[in-house]
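These protein sequences, in sequence, are chains A and B. So the first sequence is residues 1 to 93, counted in the working numbering. So the second sequence is residues 1 to 470, counted in the working numbering.
Since the hints were derived computationally from the structure, they do not count as laboratory data. Note that this is a predicted model, so its numbers are computed, not measured. Be careful, since some hints might not be right.
Selected chain A positions facing chain B (in silico; Cβ < 7 Å) [unchecked claim]:
(1) Ile-4
(2) Tyr-19
(3) Pro-57
Below, computed lysine to any residue pairings styled on SDA-like, alpha-carbon distance capped at 20 Å [to be verified]:
(4) A:Lys-91 x B:Glu-333
(5) B:Lys-340 x B:Val-324
(6) B:Lys-404 x B:Tyr-446
(7) A:Lys-89 x B:Thr-33
(8) A:Lys-90 x B:Lys-423
(9) B:Lys-421 x B:Glu-312
(10) A:Lys-89 x B:Phe-207
(11) B:Lys-81 x A:Lys-90
(12) A:Lys-90 x B:Lys-421
(13) B:Lys-404 x B:Asp-372
(14) A:Lys-91 x B:Gly-120
(15) A:Lys-89 x B:Asp-372
(16) A:Lys-90 x B:Asp-372
(17) B:Lys-265 x B:Pro-410
(18) B:Lys-423 x B:His-329
(19) B:Lys-421 x B:Asp-372
(20) B:Lys-421 x B:Lys-459
(21) A:Lys-90 x B:Lys-346
(22) B:Lys-421 x B:Asp-463
Between beta-carbon pairs, the in silico distance windows are [as the list claims (entries may be wrong)]:
(23) B:Gly-413 x A:Trp-22: 21 to 31 Å
(24) B:Phe-69 x A:Asp-2: 31 to 41 Å
(25) B:Tyr-185 x A:Pro-57: 40 to 50 Å
(26) B:Phe-271 x A:Ser-23: 52 to 62 Å
We treat Cβ as the ideally placed atom computed from N, Cα and C, and that holds for glycine.
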Amino acid sequence: MDFISILSIFVMACFVGYYVVWSVTPALHTPLMAVTNAISSVIIVGALIASAAGGSPTAKWLGLIAVALASVNIFGGFAVTARMLAMYKKKER
Amino acid sequence: MEHAAPPAWVMLAYLISGVFFILALRGLSSPATSQQGNRFGMAGMLIAVVTTLVTHEVASLPEILGAIFIGGGIGWVTARKIAMTDMPQLVAAFHSLVGMAAVLVAAAAFLNPEAFGINGAEGLINPVSRVEMGLGIAIGAITFSGSVIAFLKLAGKMSGAPIMLPMRHVINLGTLAAILGLIGYFTVDQSPWIFWTITALAFVIGFLLIIPIGGADMPVVVSMLNSYSGWAAAAMGFTLHNTAMIITGALVGSSGAILSYIMCKAMNRSFISVIAGGFGAEAAATGGPAKEQRPWKRGSAEDAAYMMQQAESVIIVPGYGMAVAQAQHILREMADVLKKQGVSVKYAIHPVAGRMPGHMNVLLAEAQVPYDEVFELEDINSEFAQTDVAFIIGANDVVNPAAKTDKTSPIYGMPVFDVDKAKTVFFVKRSMGGVGYAGVDNDVFYMDQTMMLLADAKKMCEDIVKALQH
């Protein structure tokens with residue numbers, strides 16, 4: 001992909017993000033932060049590429065540490081979000 | 001890795017992953033759809049990870065699975081154990097990990113550019129990729145060190161008071177300018193020292209930016225760091241030409257930015273003044289020696305119980321003090337007893353109540369308060385005029401009428417609850433001595449219809465419940 005296509009995706013995604021986030025109810029702003037935290041750990045993709053490749057042992061180890069750090073976030077972020085969301089209950093009627 | 005574009009299905013898989021992340025956030029528009037949204041998020045992550053693993057020659061699968069297992073295990077256990085009051089520091093700690101991961105990935109890309117397919121002619125890294133990597137490592141490093149400081153302040157391991165260095169604005173702007181200059185220079189000269197100097201300066205600036213910011217401004221800081229962690233992921237997405245990372249980065253970046261904006265607006269502060277820091281320090285200096293003593297009335301748990309039983313409607317205004325006293329469960333019990341006796345009970349939550357956006361809502365949800373009894377500022381504020389009792393527990397600045405009337409007040413212009421319009425006001429507070437974060441006196445204490453309930457919030461609620469059941 002050339003730079004302009006990537007930039008287009010990025011700019012469009014910023015707009016999508018803007019509208020989607022404004023539609024999030026304020027009561028769920030803490031879960032929003034927890035889940036955005038989890039999904040920003042998609043950076044694990046880069047970490048996996050680094051740790052999978054041969055060539056530079058240093059890069060591989062940096063990648064592996066990054067995989068571990070991102071995994072803390074992915075598992076922790078989604079689990080804590082799920083835990084919080086399960087607590088939101090409607091009135092019993 | 002060669003430079004040929006990856007197969008179409010791989011690009012599609014990353015795109016689907018990105019779309020699933022959008023759906024994850026979309027689900028949060030209502031508590032009813034939120035759990036499904038979270039599952040979309042998990043599915044998106046699974047797709048991204050599996051796609052990466054199957055499309056790369058993985059020389060070291062056991063090590064990778066080991067890293068995922070160790071990291072994932074730590075994350076899982078932490079998420080299970082963490083107390084809801086500690087959410088802000090957990091989120092800050094998680095932000096620091098994203099930042100560090102971005103730094104490590106950018107460093108790995110610099111050391112082994114072929115693996116990432118970003119090397120151009122003669123073994124040099126493409127200039128555009130160098131800018132992206134430079135930005136990625138700088139934002140990642142700022143996110144890391146800034147979040148570590150935010151974590152230490154929120155966890156009480158470091159004083160929440162602002163630490164003011166002399167000349168800090170000059171130092172900060174100079175460091176930022178140096179970082180940007182070096183990233184520019186990095187495009188013409190790929191020497192390692194430039195890359196590592198950018199990294200080191202970014203770690204320092206993240207630290208310097210957060211130390212002067214006081215405890216009350218932490219909701220803005222946590223949101224801002226949330227935003228940075230997104231931009232760091234996006235920058236690395238540009239380097240890797242990865243759609244999932246770019247979409248996610250943009251989503252998280254905008255999310256954090258919007259939350260920062262909402263928080264600033266709820267405090268009537270500009271983003272620049274929050275970042276410039278020092279709010280708590282200035283307020284302590286100006287608001288310290290108070291005005292003349294004014295008469296106020298002290299109420300008892302029995303008074304509160306009696307008045308609320310007689311009332312038709314009660315609005316509870318909880319603040320961070322309630323969370324500190326761990327009073328949310330007994331508060332909900334109090335509301336349950338009142339509801340059984342036919343009183344309408346609602347909760348009113350200010351956007352900056354608690355230590356992060358939406359923190360108070362989570363604490364009430366944990367105490368099993370139904371979310372449809374909890375209202376936001378603009379939805380409930382007009383109701384105070386028709387309300388019999390406003391019950392303020394652990395909040396202070398967010399009910400201070402000075403924000404509406406006193407132009408000299410540090411909180412002037414901040415949207416506040418009109419509790420002064422309620423027929424009766426109960427103000428649960430530890431003592432008359434303490435003031436809110438802004439350090440200003442509150443006229444609500446001295447109103448004719450106000451009774452101060454001076455006690456620990458949890459103890460007071462327990463006593464009221466006892467009195468209600470008599």
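Against the structure, the hints come out as follows:
1. Ile-4: Violated - the Cβ of A:Ile-4 stays beyond 7 Å from chain B, reaching only about 11 Å at its closest.
2. Tyr-19: violated (9 Å)
3. Pro-57: Cβ of A:Pro-57 sits 9 Å from chain B, so the hint is violated.
4. A:Lys-91 x B:Glu-333: holds (14 Å)
5. B:Lys-340 x B:Val-324: violated (27 Å)
6. B:Lys-404 x B:Tyr-446: holds (17 Å)
7. A:Lys-89 x B:Thr-33: holds (12 Å)
8. A:Lys-90 x B:Lys-423: It is violated: about 29 Å lies between the C-alpha atoms, which goes past 20 Å.
9. B:Lys-421 x B:Glu-312: Cα-Cα ~16 Å, so holds.
10. A:Lys-89 x B:Phe-207: With Cα atoms ~40 Å apart, A:Lys-89 and B:Phe-207 exceed 20 Å; violated.
11. B:Lys-81 x A:Lys-90: The given pair, whose Cα atoms are some 25 Å apart, is violated under the 20 Å limit.
12. A:Lys-90 x B:Lys-421: At roughly 29 Å apart (the allowed maximum being 20 Å), B:Lys-421 and A:Lys-90 break the hint.
13. B:Lys-404 x B:Asp-372: violated (28 Å)
14. A:Lys-91 x B:Gly-120: violated (61 Å)
15. A:Lys-89 x B:Asp-372: holds (8 Å)
16. A:Lys-90 x B:Asp-372: Judged against 20 Å, a Cα distance of about 6 Å means the pair holds.
17. B:Lys-265 x B:Pro-410: holds (14 Å)
18. B:Lys-423 x B:His-329: violated (26 Å)
19. B:Lys-421 x B:Asp-372: violated (23 Å)
20. B:Lys-421 x B:Lys-459: Between B:Lys-421 and B:Lys-459 the Cα gap is close to 27 Å, so the pair fails against 20 Å, i.e. violated.
21. A:Lys-90 x B:Lys-346: Roughly 14 Å separates the two Cα atoms, so the pair holds.
22. B:Lys-421 x B:Asp-463: violated (26 Å)
23. B:Gly-413 x A:Trp-22: 21 to 31 Å: Between B:Gly-413 and A:Trp-22, where Cβ atoms are some 23 Å apart, the hint holds.
24. B:Phe-69 x A:Asp-2: 31 to 41 Å: holds (38 Å)
25. B:Tyr-185 x A:Pro-57: 40 to 50 Å: violated (29 Å)
26. B:Phe-271 x A:Ser-23: 52 to 62 Å: Roughly 22 Å apart at Cβ, these two residues miss the hinted range, so it is violated.
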